[in-house]
Amino acid sequence: DAGVIQSPRHEVTEMGQEVTLRCKPISGHDYLFWYRQTMMRGLELLIYFNNNVPIDDSGMPEDRFSAKMPNASFSTLKIQPSEPRDSAVYFCASSLSFGLSYEQYFGPGTRLTVT
Amino acid sequence: AQSVSQHNHHVILSEAASLELGCNYSYGGTVNLFWYVQYPGQHLQLLLKYFSGDPLVKGIKGFEAEFIKSKFSFNLRKPSVQWSDTAEYFCAVNPVGAGNMLTFGGGTRLMVKP
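Listed in order, the protein sequences are those of chains A and B.
As numbered in the numbering used here, the first sequence has no gaps in its residue numbers, which increase by one up to the final residue, 115.
As numbered in the numbering used here, the second sequence has no gaps in its residue numbers, which increase by one up to the final residue, 1114.
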C-alpha cells in the first residue's frame, strides 16, 4: 500500500488566496483526520471523519477553514481566504476501526506558506 | 475532556546516554496508549503501542514504554540513545469507546549529540 497520500507537498500562496489541500487515505480505512502543526501550537486536531461523515470539527480555527470527504478515498481541507498565520504543516492521517487497532497512519504533510 | 502531558519539552543527551521521556494522561477509564516519533522534516510514525496485557511494551529501534495505571503514566525509555534518535516524540491516548480519535501530548524534542 502506498500509505496516506497528500498533495501538494509544498504550497506557497499570497494572503487572501484560496488554498486547497488534498488527502487520499489508506484504502479500506474508515477514519480520516486533519491535523495542523506549528512551532508555537504543536500538533492540533482540526477535524475528523468516520465513514466520510464529519464527527468533530471543533478544532477548525474559524469559518475560513472547511473540510469535505466526498468519498472514502478522498478528502480536502480548504482555507479561504488564507492568512499568514495559517502557515503550518498540515497532516492527514487515516485509521481502521475494524480489529480495534486505533493506530493512525500519517501522510507526509503539506507545508503551507502564506505570504 | 482527556489531556496528555509531556513535561519535558526539550531534552539534550549525548550518545549512549539513557533516555526516559515522561507522559501522563488525565482520563479515569480504560485507555490505549501510543508513542509516535517524528524525525526532522518527516511525518509521524508509530514507535510502540499498548492495548492490554504486559504493561512493559517493546517497540522498534530499541524503545520500550511502561504503563503504570496507578500513576496514569506511559513513559518512554531507551537504554542507550544514538544520534539517529534525534527527533520529536509524541505520546497519545485513545480512551476506549472514543472511536479512533487520539489525543496527543505537546511533544518532546530530543537532540542527541554525537
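Hints are supplied without guarantee of correctness; some may be wrong.
[As the list claims (entries may be wrong)] Distance ranges between label pairs, derived from CB positions:
1) P70/A / W1083/B: 37 to 47 Å
2) E44/A / L1046/B: 37 to 47 Å
3) Q1045/B / M15/A: 26 to 36 Å
4) V53/A / P1114/B: 46 to 56 Å
5) T38/A / D1054/B: 31 to 41 Å
6) F98/A / R1077/B: 28 to 38 Å
7) K1058/B / G16/A: 20 to 30 Å
8) T38/A / P1079/B: 28 to 38 Å
9) G1022/B / M39/A: 18 to 28 Å
10) T115/A / T1030/B: 38 to 48 Å
11) Q1045/B / P54/A: 44 to 54 Å
These are computed hints drawn from the structure, not numbers from a lab.
Just so it is clear, the structure is predicted and the values come from calculations on it, not from any experiment.
Where is the CB? At the ideal position from N, CA and C, for every residue including glycine.
Verification of the supplied hints:
no.: 1; hint: P70/A / W1083/B: 37 to 47 Å; result: holds, 45 Å
no.: 2; hint: E44/A / L1046/B: 37 to 47 Å; result: violated, 19 Å
no.: 3; hint: Q1045/B / M15/A: 26 to 36 Å; result: holds, 33 Å
no.: 4; hint: V53/A / P1114/B: 46 to 56 Å; result: holds, 49 Å
no.: 5; hint: T38/A / D1054/B: 31 to 41 Å; result: holds, 37 Å
no.: 6; hint: F98/A / R1077/B: 28 to 38 Å; result: holds, 32 Å
no.: 7; hint: K1058/B / G16/A: 20 to 30 Å; result: violated, 51 Å
no.: 8; hint: T38/A / P1079/B: 28 to 38 Å; result: holds, 33 Å
no.: 9; hint: G1022/B / M39/A: 18 to 28 Å; result: holds, 21 Å
no.: 10; hint: T115/A / T1030/B: 38 to 48 Å; result: holds, 47 Å
no.: 11; hint: Q1045/B / P54/A: 44 to 54 Å; result: violated, 26 Å
Violated hints for the displayed structure, listed by number in ascending order: 2, 7 and 11.
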